[in-house]
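Engineer: The chain contents come next:
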Amino acid sequence: MAGKQKVVGHHILLRHRDIPDIGKLEVYREQGGFETFEKAVTKMQSQELKDLVHNSGLRGRGGAGFPTGLKWKFVDDNNWPHYLVVNADESEPGTFKDREIMEKNPFQFFEGIMISAFAIGANEIYIYCRGEFWQLAHELDKHIEKLKKAGLLGEKLFGTDYALNIYTHLGAGAYICGEETALLESLEGNLGQPRLRPPFPPAVGLYGKPTVVNNVETLANVALIVEKGADWYRSFGTEESAGTKVFSLSGRVKKPGNYELPFGTTYRELIYEYGGGIIDDRQVKGIMSAGASSRVIIATDEALDTPMAYETVPALGADLGSASVIILDETVDMKWLVNKTIDFFKHESCGKCTPCREGNFWMLNLTRRIASGEGSSEDVELLHDVASNIKGKCFCALGEFSTEAVVSSIERFPEDFKV
Amino acid sequence: MAEKLDTQEKEKMVNLTIDGIEVSVPEGLNLVDAAKQAGIEIPVFCHHPKLEPVGMCRVCLVDVGTPVRSRETGEPEFEEDGSPKIQFGRALQTGCTTRVSEGMVAIGYSEKVQKARQDVLEFLLTSHPLDCPVCDKGGECPLQNLTLEYGAGETRFRFEEKKHNKKHVPLGDLIFLDRERCIHCARCVRFQDEVVADPVIGFYNRGRNLEITTYSEPGFDSYWSGNTSDICPVGALTTADFRFGARPWEMLAAASVCSQCSVGCNLTLNTRREAKSGGNLVVKRVMPRQNEQVNETWICDKGRFGYHFSGSYDRLTKPLVRKKGELEPASWEEALSLVAEKAKAAGSDVVALAGGRLANEDLFNLAQFAAHLDGKARLYSDMAGGDLVAQVGLGSEANFGKMGLGTAILVVASDLEEEAPLYWLRVKQAAERGATLIVANPRETKLDANADHSLRYEYGQEAALVMAVLKQLSGKAPALPEEVKKLASSRAVSAAAEAFEAAENAVVIYGSEGLGLGGSEALAQACTNLLVAAGKAGQPKSGLLAVWDKGNAQGAWDMGLRPSAKLADELKKAKLAYITAADPAGDHPNLASAVEKAEFVVVQELFLTATARLADVVLPAQAFTERDGSYTNAERRVQRFYPAVPPIEGTKPDYLITAEIAEAVGFELEQEAAALVFLGIVGKFADYAELDYQALAEVNDQSPIIGRDDLYYGGTSYENRQGLGVKLKTTAERGSAMEISTVNFPEQSKADRLQAVPVTALYDQGNTLGYSEVLQPRLPGPYVVLSAADAGKLKVVEGADLTVKVNGVKAEVTAKLDQQLPQGIVLVPRSLGLPVTAPMPITVKAK
Amino acid sequence: MNALQEKYTKDIEAVLEKYPEDRKRSAVMPLLYIAQREGGFVTKQDMADIGEIIGITSTEVASIVGFYTLYHDEQAGKYRIQVCTDMPCALRGAEEFLENLCGNLGIQVGETTEDGLVTIEEVKCLAGCDKAPMFQVQSETEIAYHEDQTVESTMELIENWRKEEK
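Residue numbers (this note's numbering), protein chains in the order written: chain A, 1 to 419; chain B, 1 to 847; chain C, 1 to 166.
Simulated from the structure, these hints should not be mistaken for laboratory data.
Misleading hints may appear alongside valid ones.
Within a straight-line C-alpha distance of at most 25 Å, the following computed DSS-like cross-link-like pairs (lysine-lysine) qualify [as the list claims (entries may be wrong)]:
(1) C:K44 to B:K167
(2) C:K24 to B:K446
(3) A:K142 to C:K18
(4) B:K572 to B:K810
(5) C:K131 to A:K255
(6) B:K163 to A:K391
(7) C:K18 to A:K156
(8) C:K24 to C:K7
(9) B:K816 to C:K44
(10) C:K10 to C:K24
(11) B:K166 to C:K44
(12) B:K344 to B:K597
(13) A:K254 to C:K131
(14) C:K10 to A:K146
(15) C:K18 to A:K146
(16) A:K391 to B:K115
(17) A:K142 to C:K7
(18) B:K597 to B:K810
(19) C:K24 to A:K209
(20) B:K816 to B:K845
(21) C:K18 to A:K149
(22) C:K10 to A:K148
(23) B:K323 to B:K572
(24) A:K24 to A:K104
(25) A:K156 to A:K50
(26) C:K24 to A:K142
(27) C:K10 to A:K149
Predicted model, so just to flag it, every value in this text is computed and none were measured.
Use the sequences and the hints to build the structure in full.
Structural biologist: Dropping the structure here:
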C-alpha cells in the first residue's frame with residue numbers, strides 16, 4: 001500500500017459534508033459541476049471513457065464488486081438502443097449510503113450517471129428508486145427539470161447530436177428488485193423476479209436491449225474519475241480496491257452513520273475512531289460486514305485490525321459486499337440475530353425458486369422456536385442442515401443470502417445456541 | 001425474399017455424454033429434453049417441453065462439465081488416459097436451462113446430484129398437504145412418483161407447522177384450485193401467457209404466500225383452461241368436470257377424435273365401469289392425445305367438456321313411428337320397412353340431408369343411398385368450397401407446427417379462436433416462429449395481435465378483398481369489378497400482397513364470419529384463385545384451408561354431399577326427406593315449415609330434436625363414443641376414432657341404419673363394419689386410394705416425448721399409440737393444372753337499415769353442448785353485438801334487453817357492445833336462436 | 001376513456017411518456033400509485049382500468065399489487081405508520097418503540113385507530129438504520145420518512161393530524 005493516500009482529506013462522494021450547499025445546482029456548477037460532462041460529450045469518445053473507468057479500478061458498490069469499466073465493455077454494440085439503469089433500490093438491512101448521496105449530493109450523482117450514459121451510448125437513463133424513497137424520487141424529478149432547463153438534458157447537447165433523458169421509476173417494496181435482472185423485470189411492469197442469466201444485461205437487458213445496471217454510489221464516482229483521471233482515483237484505497245467507499249455503520253455504536261473512507265481502513269478505525277465506540281462501552285462481539293446477508297465475523301483483535309477492502313475481508317470468512325457494517329455487542333444473542341435475519345429474508349423471498357421460497361419458511365419456523373428458547377439441539381442441527389441444503393441450489397444469489405448469517409452464527413458462536 | 005429457415009430440414013446434431021451414455025441430439029435442445037430422448041431420467045416439475053425453460057423448481061439439477069480448451073491454441077486438452085479434459089461448474093446447474101453443447105458431460109447419478117434432488121423434494125414437501133389418498137392426481141402425480149424415488153422416508157418438518165391454505169378455490173366454473181397442493185411451478189400461468197395468450201391467471205403475493213388467482217370476469221376466462229389441469233404436476237388444478245370422479249388407475253383409455261370443430265383434435269376417452277352409472281362403462285373425462293400434426297398436446301375446453309351429450313339419459317333408444325299423429329315406439333323391423341316402402345315410392349324425390357358431424361362411413365353410405373335412387377345428397381351447411389379444398393388444399397408436407405420464416409398465412413373472414421381454437425393456436429405459433437401473418441376481417445379478432453398485416457373490409461367484401469390482394473400480385477390481374485379496384489389501391493393491401501408473394505410457401509385460411517352460402521362460394525373461389533395466381537397451388541407446403549362449421553364437413557364434401565342454396569324448396573318437394581345429424585327445423589322457421597310440408601320425413605338422430613318431432617319415423621343413432629369410424633379434418637387428414645363405451649341398447653351406427661334401409665329397399669350397401677365401408681370409400685375416390693384402417697392407425701415417434709413411465713413429466717396428455725391419421729394429397733399436388741376462375745361476387749346490400757351478419761361463437765347453444773353441466777354457465781343466452789354508435793342511437797348499454805326482428809322471427813335478446821364494430825352492423829352469433837344464415841336486414845329496439 | 005383516465009388525465013399521460021411507445025406495461029407501477037391516491041388502496045375497477053390503459057389483463061395488474069408491499073387491496077387508516085423493526089433498527093430500540101407506540105394508541109400491529117386515522121404496520125428495512133427508531137408514513141398523497149423518533153414525537157405527529165381533521 002506504499003504510496004497510497006491513507007486518509008482522504010476531503011470527501012469524494014459525500015462532498016456535501018465539505019461544501020454545504022452543493023445540493024443546489026448553482027453551487028454545484030460553481031464548483032465546476034457538469035464541465036466534465038460537457039468535456040465528455042464534446043471531446044471524448046465512448047471507448048476512451050470506458051478505458052478510463054476501467055483503468056481507475058472502480059468496482060461495483062452494490063455488493064458484488066464487479067469491475068465497472070469491464071461491465072461497460074460488455075455492452076453489445078451491434079444491438080441498439082442501449083440503456084443505463086441506475087440501481088437505487090437500496091434495501092439490504094444496514095445499507096443507507098445511496099440515499100444520502102442522492103439526497104445531499106444529487107448533482108454529482110447526476111453528472112456521474114450522465115457521463116456513464118454517454119460512455120455506453122445510452123440516450124435514456126432510468127433511475128429505479130425503491131418505493132420507500134418516494135420523497136427522494138420526487139426531489140430527483142425536480143432536479144431533472146432543472147437540468148433540462150439548464151440545457152444539460154434533452155436533444156442536441158452542447159451542439160452535438162447526443163440526446164439524453166433521465167426518468168425516475170419508483171419500486172414499491174421488494175428487496176429482490178435490488179437484484180439487477182429482477183429490477184429490470186419490475187421496470188418492465190412484471191413481477192420483480194430474477195431472470196435467467198446468461199444472457200446478462202449488457203447483452204440483453206431492459207426491453208431486450210443492451211443495458212448497464214449500476215449502483216448509485218458506483219456512478220457517483222464517475223464524474224471525478226473522468227475529471228481527475230484514473231491514477232488520481234487509484235491513489236486512494238488498496239491495490240485491488242481503488243478509491244473510497246461509503247461505509248454505512250449501524251448497530252450498537254455510539255455514532256452510527258455513513259463514513260466515506262478509503263479502502264483499507266480497518267474495522268477498528270471505523271468503529272472506534274469514527275463510530276465513537278460501542279454503546280455503554282461494551283465489548284464488540286461480532287461484525288456483519290455486508291448487511292443482513294453477511295456471514296458474521298467474530299470480533300477478534302485480528303478481525304478489528306483487518307483493512308476493509310475486497311481482497312482482505314474474505315480472510316475473515318466474510319465479504320466486503322456493500323460495506324454496510326452492522327456492529328453486534330456482547331449483549332446481542334445470536335439466536336435472536338439469526339431469527340431477525342431469517343424473518344427478513346423469508347418476507348422478501350420472491351417465491352420463484354423452491355429452496356428460497358420453502359427453505360426460508362422452514363428456517364423461520366426453526367429460528368422462532370430456537371430464539372424463543374424452546375428449540376432443542378436437534379433443531380439447531382436441523383437449522384444448520386436446512387441452510388446448507390439451500391445453498392448452491394437457488395435461482396439467484398439473493399436466495400442464499402439468508403443462509404450466511406445462520407451458518408456462520410451457529411458455527412462461530414456455538415455457545416449462543418447451546419440448549 | 002425472406003431468409004429460408006425451413007424447420008423441417010435436417011437439424012444439426014450435437015454429441016454429449018449424459019450419465020456415461022453417449023447421446024446425439026439436435027442442436028439447441030436443453031439437457032432434460034436431451035436426456036428424455038435418450039431414455040435417461042432427469043426429473044422435472046416446472047419444465048414442460050412446450051413452455052420456455054425457467055429453472056424455477058430446481059429439481060432437475062445436474063453436474064455439468066464442458067471440454068477444456070487450451071487458452072493459447074484453442075485446441076481441446078486431454079487427460080493422461082487420452083480422454084478429453086472436462087471442467088465441471090462450481091455449482092450444480094438446472095438441466096432445463098442448460099443447452100447441450102458438443103462434448104458436454106452431464107452427471108445425474110452421482111451422490112451429490114441425487115442428494116440435491118432429494119433436498120429440493122424435501123423443501124417442496126414441507127408445505128405439501130400429503131393428501132394423496134383423496135387427490136385426483138394420485139396415481140399419475142410426478143410429486144408422488146419422485147417422492148417414491150428420492151424421498152427421504154421420514155419427515156423433518158413439524159406437521160403442525162404446515163401452512164394451511166384454502167383447498168377448494170373455484171377459478172371460475174371449470175377449474176378448481178387447491179392452494180395447499182400448489183408447488184408454484186407456474187406451468188399453468190406460463191401456459192396461459194406464453195401458449196394461448198390469455199394471461200387471466202397469475203400469481204398473487206410472493207414468497208411462501210404466492211398463490212394462483214384470477215381477476216377475469218368470469219373467472220379464468222379462457223377456452224384453454226382444461227389444459228392447465230393436464231400439465232399441473234400436482235393435484236392443485238382439477239376440472240370441475242372430473243374432480244373426485246375416479247382414480248386414474250381405475251380407468252380405461254380409448255382413442256378418439258373430437259368432432260366439435262374441423263380441427264379434429266386427437267382425444268383419449270377415459271372410461272370406468274361404475275355403480276353410480278348403473279354398472280355401465282361410462283366416459284369419465286376427455287384428455288388430449290398427442291398428435292404434433294394436429295393438436296400437439298392440447299385441446300380446447302369445448303372439446304374437453306362438451307362430450308356429455310353422448311351419455312345423456314335424453315338419448316333416443318328406440319325407433320319411433322308416427323301413429324295417429326303421435327310418435328310411438330316401434331321395432332327396428334317395423335320402422336325400417338316403413339322407411340323402405342316410402343323410399344321405393346319416392347325414387348328420385350328422395351332428399352338425404354346430413355350434418356357435418358357424421359363420420360365418413362355414414363356420409364358415404366348416405367350418399368350412395370341417395371345416388372342409387374337418383375335422389376339428392378345434401379350437406380346441411382352454409383359454407384362452400386370443399387371441392388376447391390380437395391383440389392388446392394394444404395399440401396402433403398404442410399404442417400402448421402413447422403411453419404415459420406418463409407411461409408405466409410392469410411386468414412380471411414374468420415374469428416379463428418372462436419371457429420377452430422387449435423387453428424388459432426397453430427397459426428399464432430407459426431407467426432411467432434416468423435411466418436408472415438395477414439389477417440383480414442371486418443373487425444379485430446384475437447389473431448390480429450400476431451398479424452404482420454391487419455386488413456379491414458366491409459362485410460360482403462370478403463371475396464373482393466382477396467381478389468384485391470390477387471390484383472396486387474404483379475402482372476396477374478384478371479378483369480375485376482370496380483369495388484375490387486378500389487380495395488386494391490389501398491396501401492395496406494399492396495403491402496400485404498407483397499409479403500404474400502415474397503413468401504416461399506403460402507397458406508390461405510377462410511372462415512365463415514359474416515358469410516352465407518353465396519358469399520362463402522365466392523370467397524372460396526377467390527382464395528383458390530389467389531393461390532393459383534401466386535403459383536402456390538399444388539405446392540407441398542402451401543394450400544387452402546376452410547374452417548368448417550362442423551367437424552367432418554370436409555369429409556362430407558369428399559363423400560359427395562353438397563350444400564344447397566334452395567334447401568327449403570327441395571325439402572318442401574321431397575317425397576322422402578331423410579335427415580341425419582341435422583336439426584333444420586330447430587334452426588330456422590322457414591326450414592321448419594319446409595320439413596312439415598315434405599311428404600314423409602325420416603330423422604336419424606341422437607335426440608328428439610325439433611326436426612325429429614316433425615318426423616314420421618325417428619331412428620336412434622349411436623354417438624361417436626360408442627362406435628368406430630373416420631373423420632377428415634379441414635387439413636384433409638383422415639383420422640380414426642374408436643369405440644370407448646358399449647352402445648346404448650337399441651341404437652345403431654348411422655352407416656348401418658342406412659345400409660339396412662337400402663337392404664329393405666332391395667339393394668346392398670356395406671353394413672358389416674366401418675372398416676369395410678371405408679374400403680368402399682377407398683375404392684370410389686381417388687384421393688382416398690391406397691388407404692385403409694391400418695394405415696390410419698400407424699404411428700411414429702413424435703417430438704417432444706411426453707409420455708413414458710419416467711419422472712420427466714410432460715402432463716397427462718396421452719401418447720399416441722392408435723394412429724396419427726393420413727393426410728390426403730390434393731388433385732393439384734397430384735398434377736392437375738389449376739386455372740383462375742370467375743368469382744360470382746355476392747350482391748352488396750346497400751340498405752339504409754341495420755344489417756345482421758352471422759358470426760360463430762365457440763360456446764353456442766348447438767344441439768349437443770347444452771348437455772354439459774360444467775359448460776352451462778359459460779353458454780350465453782341469445783345476444784347480438786351492436787356497434788358503439790348504434791348502441792348510442794338506441795340508448796342501450798352492455799347487457800340491455802332488446803327486441804329484434806330478423807328473417808321473419810321476432811326475439812328477445814341481450815345487447816353486447818363492440819367499440820370497433822362498424823356502424824350499421826349487428827353481429828348475430830350462429831346457433832343462439834336467431835335464424836341469420838347470411839347477411840340480412842334486422843330491426844333492433846330497446847325493450 | 002375510463003374513470004381513472006378521466007380523473008387523472010394529465011398525470012397518466014406524463015407517466016406514459018416515460019416509457020417507449022410499445023412498452024406501456026412499464027407504467028403499471030406508477031399507475032398503481034396514482035390509483036391509490038383515492039382511498040389509499042387499489043380497487044378491482046382500478047385494476048381493470050389500468051389494464052385497459054396499458055393493454056394487460058386485470059389479473060396481471062393484480063399480480064403486481066400482490067407482489068409489492070406498498071400497494072394495498074384493502075382500506076386501512078388514512079395514515080399508515082410503517083415502523084421498521086429489522087435487525088439494525090431493532091439493535092437501536094425499534095421493537096420497544098413499536099410496542100410502546102401501540103400501547104399508547106391502544107391498538108395492535110396491523111390495526112387501525114378507532115377514528116380511522118392511523119394504522120400501525122411493521123415493515124422491513126427502510127434504509128434508515130442509523131436513525132432508528134424510524135418509520136415512514138404512507139398516505140394517499142405521499143410516503144414520508146420520520147427518523148430518530150420517540151414515542152412522544154410520534155404521538156405529537158398523530159395529534160397534529162387529528163387537529164387537521166377537525
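Engineer: So, for every hint listed, does it hold in this structure?
Structural biologist: To see whether the hints hold, each was checked on the structure:
For the given pair, K44 of chain C sits about 24 Å from K167 of chain B by alpha-carbon distance, which is consistent with the 25 Å threshold. Restraint check: the Cα-Cα separation between K24 of chain C and K446 of chain B comes to about 19 Å, which is no more than 25 Å; the hinted pair holds. A threshold of 25 Å between alpha carbons decides the hint, and for K142 of chain A with K18 of chain C the separation of about 15 Å falls inside it, so the pair holds. A hinted pair counts as satisfied when its Cα atoms are at most 25 Å apart, and K572 of chain B with K810 of chain B qualifies at roughly 23 Å.
Simply put, K131 of chain C and K255 of chain A have alpha-carbon atoms about 10 Å apart, close enough for the 25 Å limit, and the pair holds. For the hint pairing K163 of chain B with K391 of chain A, the CA-to-CA distance comes to about 23 Å; that is within 25 Å, so the pair holds. For the proposed pair K18 of chain C and K156 of chain A, the alpha carbon gap of about 19 Å is at most 25 Å, so the pair holds. Using a Cα cut-off of 25 Å, the hinted pair K24 of chain C and K7 of chain C holds, with the two alpha carbons roughly 19 Å apart.
Our distance criterion of 25 Å between C-alpha atoms is met by K816 of chain B and K44 of chain C, whose separation comes to about 22 Å. Taking the CA atoms of K10 of chain C and K24 of chain C, the gap is about 16 Å. The hint holds against a cut of 25 Å. A C-alpha spacing of about 21 Å is found between K166 of chain B and K44 of chain C, which places the hinted pair at or below 25 Å, so the restraint holds. Using a Cα cut-off of 25 Å, the hinted pair K344 of chain B and K597 of chain B holds, with the two alpha carbons roughly 19 Å apart.
Pair hint K254 of chain A plus K131 of chain C holds up; C-alpha atoms about 12 Å apart against a cutoff of 25 Å. Taken as a hint, the K10 of chain C and K146 of chain A pair is honoured in the structure, with Cα atoms around 21 Å apart against an allowance of 25 Å. A threshold of 25 Å between alpha carbons decides the hint, and for K18 of chain C with K146 of chain A the separation of about 17 Å falls inside it, so the pair holds. The suggested pairing of K391 of chain A with K115 of chain B holds, with an alpha-carbon distance near 13 Å, which does not exceed 25 Å.
As the CA atoms of K142 of chain A and K7 of chain C are separated by approximately 24 Å, the hinted pair is consistent with the 25 Å bound. A C-alpha spacing of about 23 Å is found between K597 of chain B and K810 of chain B, which places the hinted pair at or below 25 Å, so the restraint holds. At most 25 Å may separate the alpha-carbon atoms for a hinted pair to count; K24 of chain C and K209 of chain A meet this at roughly 16 Å. For a cut-off of 25 Å, the pair hint linking K816 of chain B to K845 of chain B stands: about 14 Å separates their Cα positions.
The hinted pair formed by K18 of chain C and K149 of chain A meets the criterion: a straight-line CA distance of about 18 Å does not exceed 25 Å. Taking the CA atoms of K10 of chain C and K148 of chain A, the gap is about 20 Å. The hint holds against a cut of 25 Å. Distance restraint check for K323 of chain B and K572 of chain B: the Cα-Cα separation of roughly 22 Å lies within the 25 Å cut-off, and the hinted pair is therefore satisfied. Restraint check: the Cα-Cα separation between K24 of chain A and K104 of chain A comes to about 9 Å, which is no more than 25 Å; the hinted pair holds.
About 22 Å separates the Cα atoms of K156 of chain A and K50 of chain A, which keeps this hinted pair within 25 Å; it holds. Simply put, K24 of chain C and K142 of chain A have alpha-carbon atoms about 23 Å apart, close enough for the 25 Å limit, and the pair holds. For the proposed pair K10 of chain C and K149 of chain A, the alpha carbon gap of about 21 Å is at most 25 Å, so the pair holds.
Checked against the numbered hints above, the structure violates none of them.
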